[in-house]
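Chemist: Could you put together the complete structure from these sequences and hints?
Sequence lines, in order, name chains A, B and C. Every letter in the first sequence is one number past the one before it in numbering that gives the first Met the number 0, and letter 5, counting from 1, is 4. Every letter in the second sequence is one number past the one before it in numbering that gives the first Met the number 0, and letter 380, counting from 1, is 379. Every letter in the third sequence is one number past the one before it in numbering that gives the first Met the number 0, and letter 9, counting from 1, is 8.
Don't read these hints as lab results, they were simulated from the structure. Do not take every clue at face value.
[To be verified] Residues from chain C that face chain A, not an exhaustive set, calculated with beta carbons under 10 angstroms:
no., residue
1, A27
2, F68
3, L132
4, A154
5, H156
Glycine included, each C-beta is placed from N, C-alpha and C at the ideal position.
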Amino acid sequence: MSIEVMLNAAGLAFVVAGAHWWQPDGQVIFIFILATAAAEVSVGLALLLQFHHQNKSLDADAASQMRG
Amino acid sequence: MLRLLWLIPAIPFASSIVLALVGARISKKIAAIIGVASIATSTVISILLTWSFLGSSLPKNSYTQVLWTWINVAGFHPRIAFYLDALSLVMILVVTFVSFLIHLYSAESMLESEGYSRFFAYMNLFVASMVTLLLADNLLLLYLGWEGVGLCSYLLIGFWYSDFKNGLAARKAFIVTRIGDTAMIVGLFLLFQHLGTLHIQELMRRATEQWPAGSALPIAAAALLLGGAVGKSAQLPLQTWLPDAMAGPTPTSALIHAATMVTAGVYLIARTHVLFTLAPPVQLAVAIIGAATLLLGGCSALTQPDIKRVLAYSTVSQIGYMFLALGVGAWAAGIFHFMTHAFFKSLLFLSAGVVIDAMHDEHNIFKMGGLRKELPLAFVAFLVAGCSLAGLPLITAGFYSKGLILSEAWSSPQGSAILWLAGVVGVFLTALYIFRVIFLVFFGEPKTPVTKRPAYKIKIPLVVLTVLSVVGGFVNLPPVLGDEPWFTRLLHTALPSVGQEHFGLLTEVRSEEFITLAFLVGLGLAYVLYHRRRQWVEVLVGNRAGKALHEFWFSGWGFDWYYDKLVVQPVMWFARVDKSDAVDTFYNGVADLNKLLYRGLRRTENGQVRWYAASIAAGTVVFVAIALFL
Amino acid sequence: MDAMFYVAAAVAILATVMVITRLNAVHALLYLIVSLLSVAVIFYTLGAPFIAALEVIIYAGAIMVLFVFVVMMLNLGPKTTEMERMWLVPRMWIGPCILSAILIAEVAYLLSRAGVAGKGTFSVGPKKVGMTLFGPYLIGVELASMLLLGALVGAYHLGKRERLEIQDVVDSDATRIASGGDLVRPGVGGPSRAA
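Modeler: Structure (structure tokens):
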């Protein structure tokens, strides 16, 4: 969720920049960010589901088998 | 003929290398032949050289043979060169000849020991180093020989290395002489720094030109060289190693620790006599050390039950006589005593070896007795050598050499009555302790049966040395007994004569008379105490004062104890304290720091996504900051 | 126009703060939706109506709905709420707060240097955006479509029910073989035969 917030904020910055210079480029980049966010969300949530299935909880620390 | 000089050290050196390389694979007979023949060749060449040297008249009475330049760096270019003058000639003659006899002896006596060829390799290396030392024309080459004999001494004392005690004795010898060697090398540095050369003759010349007598530099240099001599010759205060060095085989004790290596110090002082003349306080110190050591050695020899230790302390004492001679400026007399001492001391050791072997390795004189019938040759040899050692008047070599020293001690400008008196007391002590041994070992009732008798390879050296112990003194007859100081005259081509002699109360004859008196008193006392009334000795030692004195003398006047408390214990304490090594802590600290950092970094690899994300975020912040502000 | 901007901005900030402080995931999501809607309003005031619409339709409409579905599927109960309460303690958020503070400071510094940006009163219409999208940014479009394709395949794959249990993977030879990302076996389904 925080990632969504962040991506949103970055997109906002781009759009503002585009509006300042009266170019459409800011909006174009926002569209790309949107697409990226969508892709990332779908894959991320799928991973989240897997994680929950394996560890029965959402504690990120439970997935520390790569520790060394 | 003189050009054969370089062969004298080269042949034993080559044979020692041969023996070291192939010794394990050749038979004992071949090893003995190689070992003995090389020394025999050196001896023959020395004799030929003597003939040639005496016959010709050489410029400056010396002959130098340069082989090559050893080192050439920044104005320092010592050469491998051999310098033959009367002093070195006499010394190599005695050394090679006595070495040859001892090698012949050991060819038979070492047959039962393991490491036969190793023994000859070491002995030959020793002779090569000793001759190098004697013939060196510069102090660096001399130091090479010096170190070489020290090494061989270590190797030979610890020859039977499977017994740990021998290794300890060898180590002690090496360390104590090392102290002297360090002093010597510092002296060499000093000499080079101020005089610019280590070539002996050149050095002496420059020293007389540049250094006024009695100034600080010659005193420092001479004192440092004296330190080296004291270490090698087992004088006060570095005499503690010699009695323990008796752990080595008897031929080793005879050769190294009686006749040759221990006289290297005497040779050094004689060779650099100019320096000592320029430093009167140091020369006086030489005399005092000599006098003190001869008394110390004599007293200690009186209390030893081990026959070889008696002889070891006796060596310490006799070299004290040589130092005394050098200290009062009687250079030739010191060398004369060296020669006679080489004969009778090695003979004493060799016959003691026969006795020990016959008694099946028994060293304790109180367990021996009545051997004069069982081992007649050893008896005669020991007796003659003992009389020569004590200075039996007129017919022994020791009498002439000791008499010369003592009369010079009285009459020389640097001599004094006290030194003379010390020498006379020393004669008394010498007679006492050596006849103690003779009476205890060869007279009285037999205590241990004889198991072995010597064969011809042992008998020949004994006979030859016996003869030499008698006639060896006749090369220098004092004025009253024929006035033929041939030996000293020869040596005066290389060494200065004593200087203005003043006799005062005591003429040479009188001095000889006192010596004779001392000898007779000592002999008589020994006869009474050890032959007739042995119980008086028990009484003397039984009471408290006597017991304390006996203990004190037995331990060599407590020097081992002093050194243990003064040097060994502090060093061990420091080693214990520094067990984790302060210097190592730095290097270990670097490693430990690395380990610490590693452990810290390891904790970041915890597999937790949260942590990774956080570190990425932190990193990003840092990089942004860098991009902005730098 | 200004007033609307400030109101919408305040709502956005407030909603976002609520997102990160809620214990219940669904509450947080709903606040996130509110935040997105207010950002859409901000876009409109900035003169980007097309983007505002896209924000509402795609972001708040599709992505957030997906989020809600998944969260509902996880069926988080009161236990999770308890865990969240345990984790929402100062000790946990002080670190990120410090880092964020540094970042905010840097941004503020940058902005202060950059000068004041004026507000554009002229709006950029959808037609212009479309022409730019299929003009200079054509490659980006293609790449985005490939990205979406990859996400589609990945999500489908990861979402399958029959998965290897983690224990099988730990014990099997698969962990010893050095291969990249082979945690998931392509699938005929069923536990790995290498176990």
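Chemist: So, for every hint listed, does it hold in this structure?
Modeler: So, going through the hints one by one against the coordinates:
no.: 1; hint: A27; in the structure: 6 angstroms, holds
no.: 2; hint: F68; in the structure: 9 angstroms, holds
no.: 3; hint: L132; in the structure: 5 angstroms, holds
no.: 4; hint: A154; in the structure: 4 angstroms, holds
no.: 5; hint: H156; in the structure: 8 angstroms, holds
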